[in-house]
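Chemist: Sequence:
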Amino acid sequence: MTATHARYTESALIPKERYISADWLAAEYERLWPKVWQMACRLEQIPRTGDFHEYRIGSQSILVVRESEDSVKAFHNACPHRATRICSGTGNTDDELRCPFHGWAWHLDGSVLEIPDADDFAPEVLSRKDLRLREVHVGHWGGFVFVNLSEDPRPLLDFLAPVVEGLAPFEVDKMRLIRNRTTVMDCNWKVGLAAFNEAYHLEATHIWDLSGYAAGRLNGAARRTRRPAGMRTGESGATKRVDARDPEGRTPGSYQFLYETFQTHNKMRNVPELLTESAPLADMGDPKKAAVEMLRLSQLISLAHQDDIDYVEALDDVPTDVPSVRFFTDVRRKVGAAGGVDYSHIPDEDMLAAIDYCIYPNLVGPISAGNWILFRFRPNGNDPDTCLYDVMFLHRFGDGEQVPEVEHEFYARWEDHDGWGPTIGQDLSNMGHVQAGLHQTSFTALRLNRQEAGVRNFEKFVDSYVLADGDPTA
Numbered sequence: 001m002t003a004t005h006a007r008y009t010e011s012a013l014i015p016k017e018r019y020i021s022a023d024w025l026a027a028e029y030e031r032l033w034p035k036v037w038q039m040a041c042r043l044e045q046i047p048r049t050g051d052f053h054e055y056r057i058g059s060q061s062i063l064v065v066r067e068s069e070d071s072v073k074a075f076h077n078a079c080p081h082r083a084t085r086i087c088s089g090t091g092n093t094d095d096e097l098r099c100p101f102h103g104w105a106w107h108l109d110g111s112v113l114e115i116p117d118a119d120d121f122a123p124e125v126l127s128r129k130d131l132r133l134r135e136v137h138v139g140h141w142g143g144f145v146f147v148n149l150s151e152d153p154r155p156l157l158d159f160l161a162p163v164v165e166g167l168a169p170f171e172v173d174k175m176r177l178i179r180n181r182t183t184v185m186d187c188n189w190k191v192g193l194a195a196f197n198e199a200y201h202l203e204a205t206h207i208w209d210l211s212g213y214a215a216g217r218l219n220g221a222a223r224r225t226r227r228p229a230g231m232r233t234g235e236s237g238a239t240k241r242v243d244a245r246d247p248e249g250r251t252p253g254s255y256q257f258l259y260e261t262f263q264t265h266n267k268m269r270n271v272p273e274l275l276t277e278s279a280p281l282a283d284m285g286d287p288k289k290a291a292v293e294m295l296r297l298s299q300l301i302s303l304a305h306q307d308d309i310d311y312v313e314a315l316d317d318v319p320t321d322v323p324s325v326r327f328f329t330d331v332r333r334k335v336g337a338a339g340g341v342d343y344s345h346i347p348d349e350d351m352l353a354a355i356d357y358c359i360y361p362n363l364v365g366p367i368s369a370g371n372w373i374l375f376r377f378r379p380n381g382n383d384p385d386t387c388l389y390d391v392m393f394l395h396r397f398g399d400g401e402q403v404p405e406v407e408h409e410f411y412a413r414w415e416d417h418d419g420w421g422p423t424i425g426q427d428l429s430n431m432g433h434v435q436a437g438l439h440q441t442s443f444t445a446l447r448l449n450r451q452e453a454g455v456r457n458f459e460k461f462v463d464s465y466v467l468a469d470g471d472p473t474a
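Each step along the sequence shown adds one to the number in my numbering, with nothing skipped, and position 159 is 159.
The hints are simulated quantities; they were obtained by calculation from the structure and are not laboratory data. Check the hints yourself; a few may be wrong.
Straight-line Cα separation of at most 20 Å, PhoX-like style, residue types lysine-lysine; simulated pairs [what the hints assert, rightly or not]: (1) Lys35 / Lys73; (2) Lys334 / Lys288; (3) Lys334 / Lys174; (4) Lys460 / Lys16; (5) Lys73 / Lys129; (6) Lys35 / Lys460.
Modelling step: build the complete structure from the supplied sequences, incorporating the hints.
Modeler: Here's what the structure looks like:
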């Protein structure tokens with residue numbers, strides 16, 4: 001593990017071709033995606049025997065199937081007769097998998113069930129061994145189903161090791177999916193991932209956040225109100241923001257966050273002291289109104305519960321001299337305990353922290369006690385300039401709480417949906433501008449700082465696969 005809070009010295013530039021080149025994308029499909037563990041779905045998306053979920057990466061379709069209560073299988077989703085995809089989307093196929101074209105069928109373990117008119121085939125082309133559905137390696141962690149298309153993959157838990165250890169206190173296997181969205185973003189999949197893998201952009205991009213929730217967490221920093229230079233109207237709903245720089249002039253991404261890189265994966269999180277020593281609610285006007293407003297803002301990025309808001313609204317008064325995040329931490333513990341959820345093993349500084357693990361190759365998102373908003377990025381066919389962006393909201397439910405049925409929402413254009421929330425909306429509004437800039441002839445390469453060390457670490461990971469057999473853009 002390498003801590004990146006010391007003086008940063010890495011200066012190598014990142015060539016732009018890996019974000020705009022069709023050849024580079026083709027090399028990723030050939031050398032990266034078939035060899036890495038990929039999160040395909042949640043177990044609660046396939047709860048019953050016969051449930052299936054189709055996971056697509058490029059031209060490849062993987063069919064994840066609940067074989068029994070204790071077994072999940074995954075298969076290449078192609079009929080060995082004439083290649084028809086056997087199932088699409090999500091659903092239930094009872095006790096068999098059946099090709100919709102000619103009716104060939106398999107048991108849920110992939111073995112042959114029926115070949116209509118088998119006598120009309122030459123015997124040598126109907127070897128039952130050859131006709132068995134080709135399996136894909138499956139791994140489980142935290143309630144997620146991972147798949148790996150290689151013949152002999154590294155064990156999943158070995159691959160995920162620092163993530164498994166770091167997220168263990170949050171018991172993500174006990175969280176449940178409450179919202180699942182997919183849209184097409186007008187940027188390369190690595191551009192999208194990188195946008196959520198650093199906090200350097202906080203001051204310039206998240207104007208609305210800094211005018212509310214984040215401002216209340218500043219610890220002695222200057223709080224001047226000003227209109228940011230170059231602000232594009234209509235993108236944040238705010239006309240002013242708090243100057244969140246510290247007395248040394250550093251932006252929040254520099255002084256509010258810690259960054260760590262591992263051999264595989266990386267992490268960023270809030271500086272613990274800035275959470276536990278945050279400003280009291282009285283500094284922000286009426287304490288109760290400030291508390292409710294901060295919780296509502298936090299709820300928009302899935303870091304607060306509706307139960308937290310209800311609890312605070314029911315209070316006669318709130319403490320005025322207690323650091324705000326300490327108050328919210330106490331609220332979260334009490335609300336959890338009332339619902340039968342024990343958070344006593346989670347340290348105070350982690351309860352409401354935005355702890356982001358970038359789980360290679362394509363997952364990232366902030367987790368707190370009881371909530372996780374997880375982003376997944378995938379290439380969009382053979383187009384290096386767009387990607388598929390999946391947003392999964394996970395929540396820890398208390399005893400007796402009803403877990404909602406979740407429908408997969410798809411939006412062909414992210415602009416067609418207004419429910420992303422201001423924070424994600426601000427991020428998405430930048431992505432097309434980034435991708436367009438990569439095509440400028442004057443721009444040749446990315447230059448990264450300490451706060452973007454996770455982005456650099458990720459690109460090294462990609463290089464270890466894509467460049468293993470030479471430069472695909474040469």
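Chemist: None of the hints should be skipped; say for each whether it holds.
Modeler: Status of each hint after checking the structure:
{"no.": "1", "hint": "Lys35 / Lys73", "in the structure": "holds (18 Å)"}
{"no.": "2", "hint": "Lys334 / Lys288", "in the structure": "holds (17 Å)"}
{"no.": "3", "hint": "Lys334 / Lys174", "in the structure": "holds (18 Å)"}
{"no.": "4", "hint": "Lys460 / Lys16", "in the structure": "holds (14 Å)"}
{"no.": "5", "hint": "Lys73 / Lys129", "in the structure": "holds (17 Å)"}
{"no.": "6", "hint": "Lys35 / Lys460", "in the structure": "holds (16 Å)"}
Every hint from the earlier list agrees with this structure, and none is contradicted.
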